[in-house]
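Given the coordinates of chain A, assemble chain B onto it according to the supplied hints.
Residue numbers (this note's numbering), protein chains in the order written: chain A, 853 to 997; chain B, -15 to 279.
Just so you know, the hints here were simulated from the structure itself, not pulled from any lab data.
All values derive from a computational prediction rather than experimental measurement.
By construction, the Cβ of each residue, glycine as well, lies at the ideal position given by its N, Cα and C atoms.
Possibly wrong hints are sitting among the right ones.
Derived pair list, reagent style DMTMM-like, types lysine to aspartate or glutamate, alpha-carbon separation capped at 20 angstroms [as the list claims (entries may be wrong)]:
#1 A/LYS995 to B/ASP133
#2 B/LYS237 to A/GLU940
#3 B/LYS224 to A/GLU944
#4 A/LYS995 to B/GLU92
#5 A/LYS994 to B/GLU215
Covered stretches of chain B (chain A as the covering partner; in silico rule of three or more C-beta atoms under 8 angstroms from a C-beta of chain A) [as the list claims (entries may be wrong)]:
#6 35 to 47
#7 61 to 73
#8 113 to 121
#9 148 to 160
#10 212 to 220
#11 251 to 257
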Amino acid sequence: MKKLLFTLLTFLTFQPIISIGQTKCDSLGAIVSSMINNGDEGFLTDGQSYKYFLGEDETSEIITTLYEGINYRIATTAGLEDNYMIFELLDEQRNLLFSNANHNNAPYWNFKVENTIECTIEAKLDPNRKLNGCAQMIIAFKKDN
Amino acid sequence: MSISKYYIPFVFLALLSCGEFEEKSSSMDDTPEVSVDQNQNINIELENTIFSIPSPVQIAMELSDSNSSFSSALLHDADQYEKYSSSFDKAMMLGIYGTDLAYCSVNELSGKSITYFSTMKKLADKLNIGFAINESLVERFSANIDDRDSVLVMASEAYVKIDEYLKENDNQDIATMVLMGGWIESMYIQSTALQSDTSEVNQLKLAHHKYALNHFITLLEKVGTGDRYWELQSMLGDVKKLYNEIPTTYEFKPSTTEATTQTTQINSTSSFDTDYGTMLEISNEFINLRNYYTK
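Bound conformation, chain A alone (with noise of 0.2 angstroms):
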């Protein structure tokens, strides 16, 4: 009897803990999406989720092929503030192609492809303004017209 309260007490102090943080980290999701399609602009994510917990100076990278024809968004948050995240589009030789430092950390950017390559998308928090936490990040697509 004794076990089961102990367990019991357990439980319920530390599920509101995790509850909270899931359900804060969870509202990255809205705020990412609502970065997608802000002007009706016919974009829809590639079905995956990316989200990760980043450290002081920690990045982490998603490799990707960018498909010839295909107009994409690359979206990225990591809380209220749109400007949290640096994002950077680097080719298969480490070439930067983009990167969001030089337009003010712009939370979003839209990318045209001539041709089909494999790229990595590096991210990390820019230590100026947050030095850890939970960041998600959406890719969309829409074929060109």
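Chain B alone, transformed into the frame defined by chain A:
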């Protein structure tokens, strides 16, 4: 009394472990709503690397734009879903039916779209991830079934929820199999299209999936949890050997950015030197692979 003795340290530890974002600037104190327990297991990446796989919707859209006409014979029978019992098979079928849904939706076949969405819901329930396709989403899907764009948005929304839930609950292997099933079905449809229209455009479309294939092989190496994963990895390795016979080139060219529209044009070029013989072999491999896993 003895229970309190044990309980108090837990309460103390719980309060200590309630980590929040460390904000660099005090001016950002008004944005505490988005926070996370640092000890929470949300690190879903594999050694800090995540592989992005092309969406089934994207591939279905490309097919609808080509000369390939819709063929219901290519769809996997939705009634067969009950024949799959292992998590491996159910996850793969969830992906396969997801692609069939995209294929039907892009071609504006609303009746079939509802059938495949319902089947996905049943399979998701069997995988204990039914909430990802909840009743609200099913109702919205049915209400908007004649609006192709809305249907594709909702289908993509369901894919994200499934992927997110599986990854956050440490089911990387199952999440990979859902993506795998979706991709295999896409490659099956695209391979069939190539065999009826052998144009260079169709050859290139299939050739461009060389990178995705490599990503899947790496993913399986990392998350595979048994013989069936190794078997699939081996079969994909055979396809990779064929892809390696297609010479590819890449040349970096600086991108052009237009800040006002927040758009960057990627100017780098690549080429895939395809030949029909090799592409036919690759398409046969994909067709055999898909038929191996469907009953």
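Checklist entry - Hints broken by the structure, by number, lowest first? => result 5, 7, 8, 10
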